[in-house]
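From first to last, the protein sequence lines stand for chains A and B. Here the first sequence is numbered in our numbering, starting from 89 and rising by one per residue. Here the second sequence is numbered in our numbering, starting from 89 and rising by one per residue.
Fair warning: there could be bad hints in the mix.
Which copy? The list can't say, so a pair holds if one copy fits it or any two copies do.
Claimed, not checked - Listed next, the in silico SDA-like pairs over lysine to any residue satisfying Cα-Cα at most 20 Å (straight line):
hint: 1; residue 1: LYS272; residue 2: LYS485
hint: 2; residue 1: LYS282; residue 2: MET236
hint: 3; residue 1: LYS100; residue 2: GLY346
hint: 4; residue 1: LYS173; residue 2: ASP232
hint: 5; residue 1: LYS195; residue 2: VAL213
hint: 6; residue 1: LYS578; residue 2: ALA317
hint: 7; residue 1: LYS100; residue 2: GLY246
hint: 8; residue 1: LYS381; residue 2: ARG498
hint: 9; residue 1: LYS485; residue 2: ASP390
hint: 10; residue 1: LYS282; residue 2: PHE238
hint: 11; residue 1: LYS282; residue 2: ILE139
hint: 12; residue 1: LYS282; residue 2: LYS458
Hint data in this document are derived by calculation from the structure and do not stem from the laboratory. Source: prediction; values computed, not measured.
2 protein chains.
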Amino acid sequence: MTAEKTESTYEKVVELAKRRGFFWPSFSIYGGEAGFYDYGPLGVMLKDNIIRIWKEAYLRENALLIDTPVLVPRAVFQASGHVDKFLDIAAECDKCHLRQKLETFTKSAGYEEVFDTVESGLSFVRDNVVKCTNCGTRITRVYDVRQMFFLPDQGSSGDLFLRPETAQGIFINFKILNNLFRGKLPMAVAQTGKGFRNEIAPRQSLIRMREFNMCEVEVFVHPEKKFWAEIEYEDDITICPRSSQPVTLNAREAVNSGIISSNAMGYFITLTQQILLKMGISRDRLRFRQHEKNELAHYSFDSWDAEAELDGNWIEITGIADRNDLRNHEKTSGESMSVSTEEGDIVPSVIEPASGVDRIVLSVLMHSLKTRENGYTVLSLPPDVAPYHAAVFPLMKKNGMDQLARKIFRSLSLNDPCVFYDESGSIGKRYARQDEVGTPYCITIDGASLEDGTVTIRERDSAKQIRIAAEELINHGLIGNPSISLDKFKNQPS
Amino acid sequence: MTAEKTESTYEKVVELAKRRGFFWPSFSIYGGEAGFYDYGPLGVMLKDNIIRIWKEAYLRENALLIDTPVLVPRAVFQASGHVDKFLDIAAECDKCHLRQKLETFTKSAGYEEVFDTVESGLSFVRDNVVKCTNCGTRITRVYDVRQMFFLPDQGSSGDLFLRPETAQGIFINFKILNNLFRGKLPMAVAQTGKGFRNEIAPRQSLIRMREFNMCEVEVFVHPEKKFWAEIEYEDDITICPRSSQPVTLNAREAVNSGIISSNAMGYFITLTQQILLKMGISRDRLRFRQHEKNELAHYSFDSWDAEAELDGNWIEITGIADRNDLRNHEKTSGESMSVSTEEGDIVPSVIEPASGVDRIVLSVLMHSLKTRENGYTVLSLPPDVAPYHAAVFPLMKKNGMDQLARKIFRSLSLNDPCVFYDESGSIGKRYARQDEVGTPYCITIDGASLEDGTVTIRERDSAKQIRIAAEELINHGLIGNPSISLDKFKNQPS
Numbered sequence: 089m090t091a092e093k094t095e096s097t098y099e100k101v102v103e104l105a106k107r108r109g110f111f112w113p114s115f116s117i118y119g120g121e122a123g124f125y126d127y128g129p130l131g132v133m134l135k136d137n138i139i140r141i142w143k144e145a146y147l148r149e150n151a152l153l154i155d156t157p158v159l160v161p162r163a164v165f166q167a168s169g170h171v172d173k174f175l176d177i178a179a180e181c182d183k184c185h186l187r188q189k190l191e192t193f194t195k196s197a198g199y200e201e202v203f204d205t206v207e208s209g210l211s212f213v214r215d216n217v218v219k220c221t222n223c224g225t226r227i228t229r230v231y232d233v234r235q236m237f238f239l240p241d242q243g244s245s246g247d248l249f250l251r252p253e254t255a256q257g258i259f260i261n262f263k264i265l266n267n268l269f270r271g272k273l274p275m276a277v278a279q280t281g282k283g284f285r286n287e288i289a290p291r292q293s294l295i296r297m298r299e300f301n302m303c304e305v306e307v308f309v310h311p312e313k314k315f316w317a318e319i320e321y322e323d324d325i326t327i328c329p330r331s332s333q334p335v336t337l338n339a340r341e342a343v344n345s346g347i348i349s350s351n352a353m354g355y356f357i358t359l360t361q362q363i364l365l366k367m368g369i370s371r372d373r374l375r376f377r378q379h380e381k382n383e384l385a386h387y388s389f390d391s392w393d394a395e396a397e398l399d400g401n402w403i404e405i406t407g408i409a410d411r412n413d414l415r416n417h418e419k420t421s422g423e424s425m426s427v428s429t430e431e432g433d434i435v436p437s438v439i440e441p442a443s444g445v446d447r448i449v450l451s452v453l454m455h456s457l458k459t460r461e462n463g464y465t466v467l468s469l470p471p472d473v474a475p476y477h478a479a480v481f482p483l484m485k486k487n488g489m490d491q492l493a494r495k496i497f498r499s500l501s502l503n504d505p506c507v508f509y510d511e512s513g514s515i516g517k518r519y520a521r522q523d524e525v526g527t528p529y530c531i532t533i534d535g536a537s538l539e540d541g542t543v544t545i546r547e548r549d550s551a552k553q554i555r556i557a558a559e560e561l562i563n564h565g566l567i568g569n570p571s572i573s574l575d576k577f578k579n580q581p582s
Numbered sequence: 089m090t091a092e093k094t095e096s097t098y099e100k101v102v103e104l105a106k107r108r109g110f111f112w113p114s115f116s117i118y119g120g121e122a123g124f125y126d127y128g129p130l131g132v133m134l135k136d137n138i139i140r141i142w143k144e145a146y147l148r149e150n151a152l153l154i155d156t157p158v159l160v161p162r163a164v165f166q167a168s169g170h171v172d173k174f175l176d177i178a179a180e181c182d183k184c185h186l187r188q189k190l191e192t193f194t195k196s197a198g199y200e201e202v203f204d205t206v207e208s209g210l211s212f213v214r215d216n217v218v219k220c221t222n223c224g225t226r227i228t229r230v231y232d233v234r235q236m237f238f239l240p241d242q243g244s245s246g247d248l249f250l251r252p253e254t255a256q257g258i259f260i261n262f263k264i265l266n267n268l269f270r271g272k273l274p275m276a277v278a279q280t281g282k283g284f285r286n287e288i289a290p291r292q293s294l295i296r297m298r299e300f301n302m303c304e305v306e307v308f309v310h311p312e313k314k315f316w317a318e319i320e321y322e323d324d325i326t327i328c329p330r331s332s333q334p335v336t337l338n339a340r341e342a343v344n345s346g347i348i349s350s351n352a353m354g355y356f357i358t359l360t361q362q363i364l365l366k367m368g369i370s371r372d373r374l375r376f377r378q379h380e381k382n383e384l385a386h387y388s389f390d391s392w393d394a395e396a397e398l399d400g401n402w403i404e405i406t407g408i409a410d411r412n413d414l415r416n417h418e419k420t421s422g423e424s425m426s427v428s429t430e431e432g433d434i435v436p437s438v439i440e441p442a443s444g445v446d447r448i449v450l451s452v453l454m455h456s457l458k459t460r461e462n463g464y465t466v467l468s469l470p471p472d473v474a475p476y477h478a479a480v481f482p483l484m485k486k487n488g489m490d491q492l493a494r495k496i497f498r499s500l501s502l503n504d505p506c507v508f509y510d511e512s513g514s515i516g517k518r519y520a521r522q523d524e525v526g527t528p529y530c531i532t533i534d535g536a537s538l539e540d541g542t543v544t545i546r547e548r549d550s551a552k553q554i555r556i557a558a559e560e561l562i563n564h565g566l567i568g569n570p571s572i573s574l575d576k577f578k579n580q581p582s
C-alpha cells in the first residue's frame, strides 16, 4: 500500500466524497450555488469526530466553551474594524465582465503586489499593464467588495451581518467569561460554529466556501508575558519563519531561540500539531509558516499558519494569530476589558488558534487516501475519526448467520451507534466498500460463529484477520479493546 | 427535596443561567438585541449533551445524517411555499406605534381568530373593535411581515434567505440520499443546526428567538402505508387528540384505535417521549397534543406537539408533522422524487419529528430545578446530560491532599474531559456550587485518601457518600461504573 501524492488526489477524493456521501455541491436540483457544500451521512460523522477531538483537547486545557449567534449587529463589526477593513479589492474586465480579486489578475501577470485599498489598486493598473486572464483585455475597473454578508435594516435589530469569524462573540463577552473564570488569567475560550464570507470566487469545494465551519480559541494572556503553561510536548515541528530558512525544532527550542515570539504562541503551535495529527493529518505533510508582514489581517500583528500539503500546494488549515481586539471593544463600548492582577490592572493580549474545519476534513481525506496493490482504495483514517467504528457482516445470508449477525450488531450499537450492518453482495465487496470509507474493523459472522460464538475481525490497513469471542467485543467495544490491539493482526495470514 | 412548580421557576432558571454561565442575552456591551442569546460554558455542554442523545437515538434507527447550508437560494423556498406563505400578519398602533402579531392584539381582546392573510386581518379589524394593548387606540393598520431573514441580490448567488427550518435541505437532497440508502424505503434523515426567524416580538429568552437550534428528522414512508417499524415501546403517553378528551395510552393502542393516524406517526411520538425523558423532561409534565385544523403550518396536514408544562403553561418542544413536501420540489425543479417499489413508483410521504433544542434546554433546566430543605438549589439533571460528570476536590489545600486531588483529576480527565477541579472555599460551599449546576458526583480527597488510596463520592440528589478506591474510578470512569451504582448511596448517612 502506498500513499497517494499525485496531482489527482483531490479529484479522487471529490469523486469518492460524492459517490459515498461525504460531501457534494448544495442545491443541485436547482442548478447549484458556488461556494456551498452539503455534508452527507459519512461526512457529518467524520466532521463531528474532528470537532470532538478539538473540543476534548481544549477542555483538557480548561478552556471555557461558548456558542454565540451568527447574526451580529453593526456595532460589533464597526468596533472590530471589519465594517471598514474587511473588504476584497476586486476587478472586472470591461469586455468579458470576468470578476476576480485584483490580485488574481495581477499574480497571473507575474506581479507580487498585495492590495488593501481601491486607490492602491487603481494606481497599480494605471501604471502597469494587467490583462484579463480570460480575454486578454487590459484591466482598468477596480472596486471594493464587502466580504461580510449584510442584512440592512432588519426592523428592531437594525443592520445585521453574518459573522466572518466566531471570535468577536468571545471578545464582547470577555468580562462575563472572566468573571465566571473567577477573574483569573490566563484564560482560554473556545467556540465552534459557522462563519460566512461572500467570496468573489469560491473554489476547490471545501477549500474556499461562502459558508464554512470553524473551531476558534481565544487565549487571553498577560500582554507582556504572553505565558500559558510550560511546554511539555517535545515533538519536532517543521517551522518556516518569515525571511529565513525552514528549521525542525520542538516548540520549546523555537521559543527559547526567539524564532517563535512567545511561550503562548509556541504552546498553541505544538498543541495544534498534536490535535491535527490526532485528526489524521500526516506529520510529513504539515508545516508551520509565519505570515509575511503584508499578509497579516487588519487585526493581527504576528501570525503562524499550520499548512497541509495537498497535491503539492501548501494550504492553511489552522492559523495561530497574536491579536489585540479587546482594546477596540473597550474604546467603542465604553465597558472595561481590564483584569486585576498583583501588578495592577491590565487589558489582556489574545493568542488565537483558529481552524477551518472543512479544510481539515478535506486534508484528512487526502492524507488518508491510499491505494492497495490490487488498485482498491483505502481511507486510512484514525479509528476514532472514521465515520463508522466497525461494520458487521454475516458471511452468508443463511443458516442463521444473518440472525446472529443482526443480534451482535444490535448489541454493539447499544454502546456505540457508529456501527454499520451490511448483508448484501460478496464478502470481498463488502470489505472493499468499508475500506473505501475508512471503517477500521469488519466483523464477520460465519459457520464457526454459530458453533463457538467467535467472530473474525479484519483490520482495514493490513487486511489481516483474527478470531475472538463475540462476548469480548460486546462487553469491551472496539476502540481501545485490548483483545483486538493492532499487534494481534501482525502475524496473521492476509 | 421538592420539585419546583411555582410561577417563579422561569425567573429562577434565568437568574441561575446568567450567574453560573448557562445562557445570557447576546451583545450586552452594545445594548443587546432582542431574540439573541449566548450559551455560556455550562450551557454549551448541556446543549451538546441534549443534541448527542437525539443523534444517538436516531443513529440507532439507522437514520442518515446530513448538514446543509443555512443560506439558501430563493428557488428552494419558492418551491416549498415559504416565500409566499411564511408570513406573519402584524398590526401597528397608529398612536403609540406598538407592533405585534395581529393575533396578540385580538387574543387580548378575547377573540380566538387566527389570520393567514392581510385581507382577513383587515376585514376583522373593520368589523370588530380591537384596541392597542398599550394605549387603547383602535387598531386599523394590518400588514404582513416576512418571517425569513432575506439577503437580496448577493452577487452571483442572487437572492438568499436564512433558513427557517433545516428540513428543506433534506428534501432537495432526497434522491441523492435515497441512492446512498440503496433505493430503500422507509428511510430517515436527521439534521441538527441553526434556524432563523425574524420574529416581530421575541420573548422569554430561549422560548422565542430570532436565531435558534433545531434537531429535525425527515422520515420518508410509503404514502398509503405510512409504516416505519413495529412499535415495541409500551410506555404510557398522555395524548390530547383534536376535539376530544385527553387519554393515557401507549402508542400501539393509540394507533390501533385510530386516535393516532399512522404507525409512523405513533412510532415517532413514542420515540420522541423516550428521547425527551432521557434528556431530563419530567414524565408528568409532558403531553402530546394534536394541532387544531387552523393551527397547521402551510406544509402540514396533521401534526402533534410534544408539550412541556412550564410554570403552568404548555409549551411546544417537539412537533411531529405529516408533510408532503417532495411533490412541490418535484414540480418546481423538474427532478423526479419517486422511488421504485414492488408496487410501482411512488413519491414518499414525510413524517417529521422536529425539536427546538433551546426550548428543550430551558424545559430540562426548569424540570430539574429542585430546592433542598435548607433552601439550597439542586439541578437534578440525568448524569449524562449534566455539564460536568464529576467534580474533584481536596478536602483541604494542604498535607498533599491537593497534589493527590490534582493527580486524580488529571487521570479522570484523560478519559472524560467533562470533569471539574475546585480547591477554593469550604467543602460545603463547593458541594453547593456543584449541586446548583447539576454535577451528579463530587469526589473528595481527604486524609484517609493519602493513607489507603480511597476517596469519598457524594451523590447529588441524596447528598449521601460512599468511599471507594481511586483506582476503581480511574479505571472504570463515573457514568455506568457498577462500583458507584446509585443503590450504594441509599443506606449511607447523609
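Structure-based check of each hint:
1. Proximity of LYS272 to LYS485 under the C-alpha cut-off of 20 Å is restricted to the inter-copy arrangement: shortest distance 18 Å between copies versus 62 Å within a copy.
2. Taking the shortest Cα distances, LYS282 and MET236 sit within 20 Å of each other both inside one copy (13 Å) and across copies (19 Å).
3. Within a single copy, LYS100 and GLY346 get their C-alpha atoms no closer than 42 Å, and across copies no closer than 52 Å, so neither meets the 20 Å cut-off.
4. In this assembly of identical chains, the alpha carbons of LYS173 and ASP232 lie at most 20 Å apart only when taken from the same copy (10 Å versus 37 Å across copies).
5. Within a single copy, LYS195 and VAL213 get their C-alpha atoms as close as 13 Å, which meets the 20 Å cut-off; across copies the closest is 64 Å, which misses it.
6. Taking CA atoms no more than 20 Å apart as the test, LYS578 paired with ALA317 passes in neither setting, with 40 Å inside one copy and 43 Å between copies.
7. Taking CA atoms no more than 20 Å apart as the test, LYS100 paired with GLY246 passes in neither setting, with 46 Å inside one copy and 31 Å between copies.
8. Taking the shortest Cα distances, LYS381 and ARG498 never come within 20 Å of each other, neither inside one copy (57 Å) nor across copies (40 Å).
9. In the homo-oligomer, the alpha carbons of LYS485 and ASP390 never lie at most 20 Å apart, since the shortest distance is 61 Å inside one protomer and 40 Å across protomers.
10. Taking CA atoms no more than 20 Å apart as the test, LYS282 paired with PHE238 passes in both settings, with 16 Å inside one copy and 18 Å between copies.
11. Proximity of LYS282 and ILE139 under a CA criterion of 20 Å is satisfied in both settings, with 12 Å inside one chain copy and 17 Å between copies.
12. In this homomeric assembly, LYS282 and LYS458 never come within 20 Å of each other (Cα to Cα): the closest approach is 31 Å inside a single copy and 36 Å across copies.
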